[in-house]
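Q: Chains as they are written, first to last, in the numbering used here: chain A, 1 to 117; chain B, 1 to 111.
I should point out that these hints are in silico values taken from the structure, not numbers from a laboratory. Backbone N, C-alpha and C define an ideal beta-carbon position, used for all residues, glycine too. Careful: at least some of the hints might be erroneous.
Derived lysine-lysine pairs resembling DSSO-like cross-links, with alpha carbons at most 30 Å apart [said to hold, decoys possible]:
1. A:Lys-54 / B:Lys-56
2. B:Lys-70 / A:Lys-44
3. A:Lys-44 / A:Lys-78
4. B:Lys-69 / B:Lys-56
5. B:Lys-26 / B:Lys-69
6. B:Lys-70 / B:Lys-56
7. A:Lys-41 / B:Lys-70
8. B:Lys-70 / B:Lys-26
9. A:Lys-41 / A:Lys-78
10. B:Lys-56 / A:Lys-41
11. A:Lys-41 / A:Lys-15
12. A:Lys-41 / B:Lys-26
13. A:Lys-44 / A:Lys-15
14. A:Lys-44 / B:Lys-56
15. B:Lys-26 / A:Lys-54
16. A:Lys-78 / A:Lys-51
17. A:Lys-44 / B:Lys-26
18. B:Lys-69 / A:Lys-44
Counterexamples of contact, computed for chain A against chain B with all Cβ distances above 12 Å [as the list claims (entries may be wrong)]:
19. Gln-17
20. Val-19
21. Ser-27
22. Gly-28
23. Ser-58
24. Thr-73
25. Ser-87
26. Glu-105
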Amino acid sequence: EAGVTQFPSHSVIEKGQTVTLRCDPISGHDNLYWYRRVMGKEIKFLLHFVKESKQDESGMPNNRFLAERTGGTYSTLKVQPAELEDSGVYFCASSQERGGSSYNEQFFGPGTRLTVL
Amino acid sequence: SQQGEEDPQALSIQEGENATMNCSYKTSINNLQWYRQNSGRGLVHLILIRSNEREKHSGRLRVTLDTSKKSSSLLITASRAADTASYFCATAPSGAQKLVFGQGTRLTINP
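Chain B with its partners taken away, still in its complex shape:
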């Protein structure tokens, strides 16, 4: 299985609800990042959490990191139709500059 696995693979919720996506990884990391990709467009960096941080907020986004369980979660509160996109977690393994991505979660917000 791949480093940086997200679940669920697809999530469909009503506008206004909260969306939670999870990510697991396998090796030691320097940091973990979440990205969004709207259909046909590039990756947009959302938030970075360092390995010594446990929680981070940015607007309607909340990211947690549990290094003991090698897992992270992304919570989007009060979802909007514009949040419809694919979300990827990416880890930066210790000693490496490259990012290792999971397969992503496809989030659909229904009006």
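So here's chain A without its partners, still in its complex pose:
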């Protein structure tokens, strides 16, 4: 079974440009998460989808970031316009929906390394 995949693996753009990252979760996983790690800092939560709905977007840094998950399958994260401080590694993760359970194993993708020049 395929794991979580992300595209592209690496993106280099100039300040002010737009970049769209894509994440394909494990088939059948209703939960999809975006995280990022800015250089030298911890991995931080950005947002959480349950199917196509945004369950928690408390970690989104500002309105330059837009995440979508149309149809409840893959998700995109768009940064527009990109700033220097957006550079880092963006991880996507997915998990199954386990109603009423505290278990929450998230499976991570390889990440997209974004470099903004």
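For chain A, the structure is supplied; the task is to place chain B on it using the hints.
A: For chain B alone, coordinates are given in the frame of chain A:
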């Protein structure tokens, strides 16, 4: 300071030795997980310990959890060069689905 803080930040040991990494957190949790990240690659889930568990083993890994002290430790026994990576603990706060990560411990195994 951040939820899920690891120490040490960096650890360098000889192959064959044991490596111990610690993690502290601040809020009530459902579970605590450890992940590994090899350079340039994604996060690999290592082990999950629930809040009602005190110790868990998986191969050469041993994880302990002390909820009274809000701390966890990861022990890797008989280390190998392939264990060289960054290790992160992540907590799942009660009532939340998101994971809260620490800054990680960079482990280097010297041949």
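Q: Each hint: holds or not?
A: Right, here's what the structure says about each hint:
no. : hint                : result
1   : A:Lys-54 / B:Lys-56 : 34 Å, violated
2   : B:Lys-70 / A:Lys-44 : 20 Å, holds
3   : A:Lys-44 / A:Lys-78 : 17 Å, holds
4   : B:Lys-69 / B:Lys-56 : 17 Å, holds
5   : B:Lys-26 / B:Lys-69 : 9 Å, holds
6   : B:Lys-70 / B:Lys-56 : 16 Å, holds
7   : A:Lys-41 / B:Lys-70 : 22 Å, holds
8   : B:Lys-70 / B:Lys-26 : 7 Å, holds
9   : A:Lys-41 / A:Lys-78 : 21 Å, holds
10  : B:Lys-56 / A:Lys-41 : 28 Å, holds
11  : A:Lys-41 / A:Lys-15 : 21 Å, holds
12  : A:Lys-41 / B:Lys-26 : 18 Å, holds
13  : A:Lys-44 / A:Lys-15 : 22 Å, holds
14  : A:Lys-44 / B:Lys-56 : 26 Å, holds
15  : B:Lys-26 / A:Lys-54 : 26 Å, holds
16  : A:Lys-78 / A:Lys-51 : 18 Å, holds
17  : A:Lys-44 / B:Lys-26 : 16 Å, holds
18  : B:Lys-69 / A:Lys-44 : 24 Å, holds
19  : Gln-17              : 24 Å, holds
20  : Val-19              : 19 Å, holds
21  : Ser-27              : 18 Å, holds
22  : Gly-28              : 17 Å, holds
23  : Ser-58              : 8 Å, violated
24  : Thr-73              : 19 Å, holds
25  : Ser-87              : 15 Å, holds
26  : Glu-105             : 6 Å, violated
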